[in-house]
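**Student:** Here are the chains, one letter per residue:
Protein chains: 2
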Amino acid sequence: MVEALFFDVFGTLVDWRTSVAREAEKILGSRGASVGWLAFADAWRGQYQPGMEEVRSGRQPFSKLDVLHRRNLERILPQFGLTDLPEETLRELNLAWHRLDAWNDVAAGLARLKQKFQLAPVSNGNISLMVDLARRNNFPWDAILGAEIAGDYKPKPRVYLAACEAFDRAPDRCMMVAAHSKDLAAAASIGLRTAHVARPDEYGPNTGEGAPTIKVDYTAKSLLDLAEQLGA
Amino acid sequence: MVEALFFDVFGTLVDWRTSVAREAEKILGSRGASVGWLAFADAWRGQYQPGMEEVRSGRQPFSKLDVLHRRNLERILPQFGLTDLPEETLRELNLAWHRLDAWNDVAAGLARLKQKFQLAPVSNGNISLMVDLARRNNFPWDAILGAEIAGDYKPKPRVYLAACEAFDRAPDRCMMVAAHSKDLAAAASIGLRTAHVARPDEYGPNTGEGAPTIKVDYTAKSLLDLAEQLGA
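Chains S and U supply the protein sequences, listed in that same order.
Using my numbering, read the first sequence as starting at 1 and increasing by one per residue.
Using my numbering, read the second sequence as starting at 1001 and increasing by one per residue.
Worth flagging that the hints you see were computed from the coordinates, not collected in a lab.
Incorrect hints may appear among the rest.
[Unchecked claim] List of simulated lysine-lysine pairs, DSS-like, C-alpha gap at most 25 Å:
{"#": "1", "chain 1": "S", "residue 1": "K64", "chain 2": "S", "residue 2": "K116"}
{"#": "2", "chain 1": "S", "residue 1": "K64", "chain 2": "S", "residue 2": "K156"}
{"#": "3", "chain 1": "U", "residue 1": "K1114", "chain 2": "S", "residue 2": "K114"}
{"#": "4", "chain 1": "U", "residue 1": "K1114", "chain 2": "U", "residue 2": "K1221"}
{"#": "5", "chain 1": "U", "residue 1": "K1156", "chain 2": "S", "residue 2": "K64"}
{"#": "6", "chain 1": "U", "residue 1": "K1156", "chain 2": "U", "residue 2": "K1064"}
{"#": "7", "chain 1": "S", "residue 1": "K114", "chain 2": "S", "residue 2": "K26"}
{"#": "8", "chain 1": "U", "residue 1": "K1064", "chain 2": "S", "residue 2": "K64"}
{"#": "9", "chain 1": "U", "residue 1": "K1156", "chain 2": "U", "residue 2": "K1182"}
{"#": "10", "chain 1": "S", "residue 1": "K156", "chain 2": "U", "residue 2": "K1064"}
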């Protein structure tokens, strides 16, 4: 019997791509910059895995995702001809990741799931970022778990295990919910149950995972569909 | 300007004494045990500071409060003539601390404060215990901070600082809210603002702190009074 649901956030619950593009345009567009804002969001996100890999490999000590996002931002700005931005603009721009909008089904789906399960994000995003997304999108978390409390980044096993331990649950009483098979495979390898949610438009129309590439316990079209399947 | 409020929980938000007495009576009374249940709660709580001091001093590695509560329970049971209890009863009894009731003003006070501030418990209680208390009493936390994410126990400075860092706030943007002057003094010593809430009946009628014994930024009779004073 599953008692706790753990959620991936970027891509699974929130549409980071169009939200970051919108925020970047709002902040940089007024400075006269004109770039492809979706391409800008993609480039920034493109640095995401390499940045975390520095930590996962032990080459860099753990620092929270806001710090990695800032480092990654400074790496891509010159590619878009954006140089000499004031510190305040850089800081504001980095907070774009705190202002992401949820996919349509998420708030209603989580509200239903909360009646039956304990809920927490198990994201690579830091606590303050998760708090801002929760306030913005009405995510009714019981607690904020994930990379910052584990001191490492998914898909390292420690991150999933730290979440199970925080909730005092054996891994097989916990289910990871994500739109990414790699995340689910890592969770399953240490005993968690898994649910895949289709987000086919994550990187633009028909670019995301419409279906899992591995065997999972549940396959859902949305969080409402998942709630239905779980009897919540 | 204060942006985040951190709350002590045991005594400040919840009435641990009558709640633990009630739970102990419910679980042990049916086994024919007859002891003074408030005295039982007091004895259990009496082991609280010594148990944490083992960790704070470095003599014991950090373990979550549920583990310390269990160790403390086994220490006091013989004093009440309670021996040879089955493992399941001990486990159930230890969860008494997950079923504490809030003082009357708390849910309404937190709901008002949440409109204006980020809110988190900064308690020595572990995450799963805080989650259960929040569900039971409608505490609308933004995140669960405190001892478990810090790996040490209040009043060690690390616990307050870990909370400020998790919320990306300088200490002077954070306020510790507690019914215990010692907790507030420790928070103030590293730069947090402080609010004292009177809980005169914590250990029984007229036994708790009706007023702070140190200088604080706010002195309140309840969380509703505090909300009023903070314009929330």
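**Student:** Determine for every hint whether it applies to the structure shown.
**Tutor:** Tested hints:
Restraint check: the Cα-Cα separation between K64 (chain S) and K116 (chain S) comes to about 31 Å, which exceeds 25 Å; the hinted pair is violated. Pair hint K64 (chain S) plus K156 (chain S) holds up; C-alpha atoms about 15 Å apart against a cutoff of 25 Å. Our distance criterion of 25 Å between C-alpha atoms is met by K1114 (chain U) and K114 (chain S), whose separation comes to about 20 Å. For the hint linking K1114 (chain U) to K1221 (chain U), the alpha-carbon distance of about 19 Å falls within 25 Å, and the restraint holds.
Under the criterion of a C-alpha separation no larger than 25 Å, the hint pairing K1156 (chain U) with K64 (chain S) is consistent with the structure, at around 23 Å. With a CA separation close to 15 Å, the supplied pair K1156 (chain U) and K1064 (chain U) stays within the 25 Å bound. For the hint pairing K114 (chain S) with K26 (chain S), the CA-to-CA distance comes to about 35 Å; that exceeds 25 Å, so the pair is violated. For the hint pairing K1064 (chain U) with K64 (chain S), the CA-to-CA distance comes to about 23 Å; that is within 25 Å, so the pair holds.
Taking the CA atoms of K1156 (chain U) and K1182 (chain U), the gap is about 11 Å. The hint holds against a cut of 25 Å. Between the alpha carbons of K156 (chain S) and K1064 (chain U) the distance comes to roughly 23 Å, so the proposed pair stays at or under 25 Å and holds.
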